[in-house]
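Listed below are the residues making up each chain.
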Amino acid sequence: MSRETTLAGKVISYTAESSAPPVGAHVSIQTVYGPVDVHLGSAKLLEQNHMTLAAGDSVHVTGEVIYFGQVSTFAARIIENGSQSVTLRNTKGQLLQMPAVHAPRGAR
Amino acid sequence: MKRLLMAVAVLAVVWVAGCSGGGSTKITPPPPVGFTNGSLKGTYVFSMTGTTADPNFGTSSFSRVGVFIADGGGNIQTTGGLEDQHQFGSNNTFAINGGSYVINSDGRGTLSLINSGGTVQYSIALTSSSSGYMVDMAGGTTATDSETASGSFQLQTATTIAAGTYIFDFSGLDPGSGNPTSLVGDFVASAAGAGSFSPGSFVDINDGGTLTTKAILSGGTYATDNTNPGTGRGFATFANNLDYVYYVIDSQHVQLMDIDPDAEGVAPGTNIGEAVAQQAGTPTLTSSFSNSSFVFVVGGSSTTNGAPHTRGVRLTATGGALSAILLDDNNDGVVTSIPATGVIGNGTVTLDGDGSGRGTFSFTENASNTFTFVFYLSSATQGVIQDVSLVQFQGSTIPDEVADGTLLAQTGAPFSSSSLATNYAFSSSGVSSSEEDFVGQFAPATASPNGHVDFNEPGSASQTVFLDVALGGVITVGGDGTGSTGTHSTFVATINGTPSTTINYFAYIANPTTILLMTGQSNARIAAGVLTAQTP
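Residue numbers (my numbering), protein chains in the order written: chain H, 158 to 265; chain P, 283 to 818.
Take these hints with a grain of salt, some might be off.
[As the list claims (entries may be wrong)] Not everything, but these chain P residues come out facing chain H in the computed CB check (under 8 Å):
#1 Thr333
#2 Thr334
#3 Leu437
#4 Asp532
#5 Val713
#6 Leu798
#7 Ala810
#8 Ala815
These aren't lab readings, by the way, just hints derived from the structure by calculation.
All residues carry an ideal CB built from backbone N, CA and C; glycine is no exception.
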């Protein structure tokens, strides 16, 4: 995350489940540079932290631009909405995940 | 006499204290199954995966694999033990410098393993003197606990890989992206001890919803770690630079864990799993299937929103046709049985027939419910399986979950309460408000509560680690127990804590000794588990 920067802007739209790469939650925010697509990762993580994103919300997003083939997006590590802050990636840039179900191992 | 009374009083206080972790008001002694400290003796390979938290890294999954040596008298040997661990993007190796354990007569017990990082406390349940289940209780009994994990351990009887074909199932996080991943496949070990992965090695990957079908895995190498002799530890590099550390369990089983470094030289991947030697007589043609019934439970997470997801299936294969198909789906607490009543009457099964053991199950309920699973068989009765079902999602076709599990043939049917009247070890892992892991034991033939359970749930409001909580385990056999008419069998775990909790599972009976579980109650926890008959 050495190329990290912080964007400030207002939410244009929020999608909890986008099929466009990278899959997961995206928020589009209006910044002084124009609209920016921000990849948030797990919508469940936002939900778990009781963060909602609505059009017009003023947010700050810390992260960096990443590329998926010809598509680029701003990968958020931390998103702040008012006094709320949720960490979405670790300092290595990896998405934090909701715990998954572990199927039984050692069953023979 | 006075001293004796004092001793009895002290023992009574200790007993009550030991059983009060879950706030239980009723104390039941463990049933006399017959395990002792001597039941845990020898070198055991252990593995687990779980969730941990840190102020800098947030919540993250982690994995652990290694060996410990039990002396049969309650002590862990101070030398010879070893542990590899992935946590917060780091790959660390610790020597196990000692520890202790206590095994109750019901096979439950506690195990502490000491390494340079400290002491980790586990709750365990033996299925035999050769194997058992374990839950990480590292956080103690306070709300500051921030770690839980579940796994198993097996007696080690060999320390070098035997040559041959192995079937594997690895799951965890992708080393590069951190996405949930599942890898199932086979590798062909060219020689005992050290060698290369021969042609015929393949892997199917679901990496955060991106499928790779039957990629060639041959070309890498493996070798014993000579710096830690006698541990069974080694290193394997598969094609495409997939790097794993492994511990040999016996001539048929190897435990592996991802240690791939990424571009920054860290090792964020947490993939972990077991490889099982493929047996002679493993079917290569679908004509081998003759009224062959299978059950499986896959666990993982949704590709679209990261929510926990599990599925259970039973089906019957005859030639290339499937019948009597029943699927239960628990997607983030939304439980759906497909079909709602009865069974799906037809589907298809394929086998690649190239020695890999690879094949597929496919079936459709209606246009919106088509399911496909890829499997690799290690024998006629066992394999690994990955969900590759696709869904239409906002104009695209994507896999709807990243999930895998164990495939087991259904044998010994019909099942009845009397055929399942043995003692069972109970292991379950899933998600409520956060990850939670259970390990316990119960005797279904006795009055409820009929066992005890320990569990760790870091997301709970106050206490996170619960010990010696009375458990009422009830298996209800539906119909003949096979599910072939759409009648479910169930396992209900009533946990007499404060407050009391009831967990409702669908029970997929493979045979009287192994029952796969998935939670089947809407708006509740999402979990998978297993009941394994105990043989002291």
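Here is how each hint holds up against the structure:
1. Thr333: With Cβ-Cβ at 5 Å, under 8 Å, it holds.
2. Thr334: violated (10 Å)
3. Leu437: This interface hint is violated because 12 Å lies over the 8 Å limit.
4. Asp532: Where the cut-off is 8 Å and the nearest Cβ of chain H is about 12 Å from aspartate 532(P), the hint is violated.
5. Val713: holds (5 Å)
6. Leu798: Holds: closest Cβ of chain H sits about 7 Å from leucine 798(P), inside 8 Å.
7. Ala810: With a minimum Cβ separation of about 5 Å from chain H (threshold 8 Å), the hint on alanine 810(P) holds.
8. Ala815: Check failed: Cβ of alanine 815(P) comes no nearer than 11 Å to chain H, outside 8 Å.
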